[in-house]
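Enquirer: The chain contents come next:
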Amino acid sequence: MLLKKNSLALKGVLFAAASIVLVACGGDTHTEETITPPQDSVVVAEVETEEVTYSLPSPLQIASIFKKSGLKYKAGVTSELKDPAKYTSNLSKALNLGVYSADLSYAVLNKQNQEAMNYMKLSRQLADNLGMGTVFDQGNLSKRFEKNLNNEDSLAYIIAELQMVTDMYLDENDQQQITSIVFSGAWVESMYIGSKVYEKGKDKSLNSKLAEQMTILSSIIKALQAEEKKDPAITGLIADLVVIKDIYDGLPSVKGNPDAADDMEKELTLTDDEVAQLTTKIEALRVKFING
Amino acid sequence: MKYEVFTNSLKKPLKMSKKAFYISLVGLVFVFGFTTIQTADNCDKKALTTSCKKKLDPYKYDSQKFTKINFTKKAQQLEVEVPIFIGEKYRLVFNTSGLPKGIKINVYTKDKEAKKREPIFSNKDAKAEDKELVFDVPRARKMFVDYDVPADSTNAKLTGCMIFMVGYK
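From first to last, the protein sequence lines are chains A and B.
So in my numbering the end of the first sequence lands on 292, straight run, no missing numbers.
So in my numbering the end of the second sequence lands on 169, straight run, no missing numbers.
Chain B on its own, in the form it takes in the complex (with noise of 0.2 Å):
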């Protein structure tokens, strides 16, 4: 059985053998596979969305802020201001298991422009295994959740995304 390609230039038909025509199939689709494994994220939100759900019990859904992160040569900070109201209660999740590799979450009470602030929450002493974070915030006015996403110098164009959902009671 033959097959006949046509290329634009010559409009003539290429006659190429089965084996051929699928050896190269194969080189095609691996190629084409290989660079989208390479450059897709792993964000599957309806199943990050379902995951933090479970977490956020007893406190009813709120909202939620996917957040896409590209590791880049260089570190970066990212910020999601959160606005809350004096005599709710609120819980955070954050899952981490969209990632490639870790990164930092901060809570604070200021945004990154003041001079001072502290952390009111924070992963740092969370282990790498532990992917799902609860966070009960105590009163607040306002909330600004930073991530810092470490340097990736391997050039392997990592993506991930980072999710939070809130709660209130």
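So that you can see chain A by itself, here it is in the shape it has in the complex (with noise of 0.2 Å):
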């Protein structure tokens, strides 16, 4: 009886067993069926097209460009040193993290080096606030910037490879928006030092790295639609850059060159006026994400 019993039992679990096998193997049961088209038709293959996706620079290589272009160390421009507590939402977090990145990369860049100190350390706070500080601790990242504090190459290399453990965890833990929110944030305080750079000197090779550089806010916004399901607080995000773009797409020097964008000799300079709507409202936004 106790025999009997077993093997229905077995047999219950086996025939469970085979029946996922066959679910899984199986898939669709239906029968194929091979048509052999005629010899003179045209075979068209069907291609499904998939939404783009955006690949967004670093923090680092837009400071490292507005250096290049001749930005100069203005002691006062970058974010005051506030307790990274005071932001509370995943957003706010974030922004302000790329905010810090740009300033660190700006300080870095310019052999700043105890402002320098003093941004990894807030970067590593907000990134501790966010779940993520772990990355500072791969390859003693943080020890490393410490040791090489007089070393700006090094410096630079140490940023780069944070960036790169950072992308990393957000692509692991399919956080993608954050890499998104954090270059928004980045994007902002770095236009905000160039304009605010560019106020001072009025220097032409500057002025058409910013108008550069407002090129790619078109990919930000982008980049941000496509990640906003993730968290709706990107929403508001967009529709404040989105504002932004518009009053650059509509300022005279950009409408009278709409080919500048894909013109590989031309580079679009914007007049000082010009410069100063965008830089207004770029402060203007700035202010918004320190305050939270």
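Hints were generated in silico from the structure; no laboratory data involved.
Treat the hints with care, since some could be wrong.
[Claimed, not checked] Straight-line alpha carbon distances no greater than 30 Å define the calculated DSSO-like cross-link-like pairs of lysine-lysine that follow:
1. A:Lys222 with B:Lys68
2. B:Lys101 with B:Lys55
3. B:Lys127 with A:Lys222
4. B:Lys116 with A:Lys147
5. B:Lys169 with A:Lys74
6. A:Lys111 with A:Lys121
7. A:Lys255 with B:Lys115
8. B:Lys110 with A:Lys68
9. B:Lys73 with A:Lys230
10. B:Lys116 with A:Lys245
Since this is a predicted model, take the numbers as computed values, not measurements.
Both chains are sitting in their own frames, so use the hints and assemble them into the complex.
Expert: If you want it as structure tokens, here you go:
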């Protein structure tokens, strides 16, 4: 009797297992038909086109481009060193991590070691608050940063490595929206620094780099739109960035050079008044980010 | 030794011998293991990142993009937009080792909606065993990385991932 029960139980389990195997392997149960097209017909392959995705640059590259264009160091232009605990939403944490990343890059490339160290610490705290502080421990990045404070090249490579482990961490944890939000914060801060330094020196090369940076704003907006469903707070950020893009698109210098974005030989230059219009909007958005 | 198996409907212990229990267990492990292997991709992101980084030197890391690829009955075209800047030098490193089968990689300076565009990079002449491809980008304003994923009629639900890393100097 016991043997019979055992046998029944075993059969039951094996039957269930076999059913799962059949379901897993089977998929469609219909028999495939072989259709031979007529000799003269043209076979058009059906191709599915998926949505475009975006790969945004790093804050360090933006800072490096501005630096090469002649962006000088201006004391007090970077964000104040405030307690990151004031940022409570993931959006404000990520935006200000971006702001600090831009300030960190600006400080490193201008050999402002103590300032760089301060922004590194703040970035670490904000990353901790976002639950991703461990990226700073990978490859002893924090310690190496401290040890190489007097070596600008080494610091730049350490920041680049930090960016790499952060990108990988966020990708592994399916949090790519954080990458786009952080870059939005960094871009606004970089543009703010660039435009404030421009106000003082009116450097032509810096002017065209500010104009060039404006051309990636559409990529930032589209990258955020692609991640919008992961965090509804992104919608407000997109709206704020669209306002700046609309102002830029409506500037006479931009409207008068519709092919400038694709022209390899021509660099667009804005008038001082146009730069001022953009600076006002960028500054207001930066204040909004920093106030959380 | 006896094991007691409870069912929700009867709430009565069902006697089962040790041998029968282990045979059943092995069967279930096999089933679930098999289905897991069939659907999991080969995307070890850390290993792929490390491998790309080695090929990126002496360029400085800028960004990377993983794209999950599901092979379906229809061919697919996936596009990644990469903004770049005049005056900078860029390198792209592709790694295809996370894919179960080959795809076409093309890089353009215009998006897929453009009426006429020519690739500035293609893997069409690369050997199948070349899993890592390095492309030093000529002067451009934007790049569009296109993956042409072939149709898979086997219904094997193949998945994998592509990575490219961007460096600058």
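Enquirer: Please name the hints from earlier in the document that this structure breaks, with their numbers sorted from lowest to highest.
Expert: 3, 4
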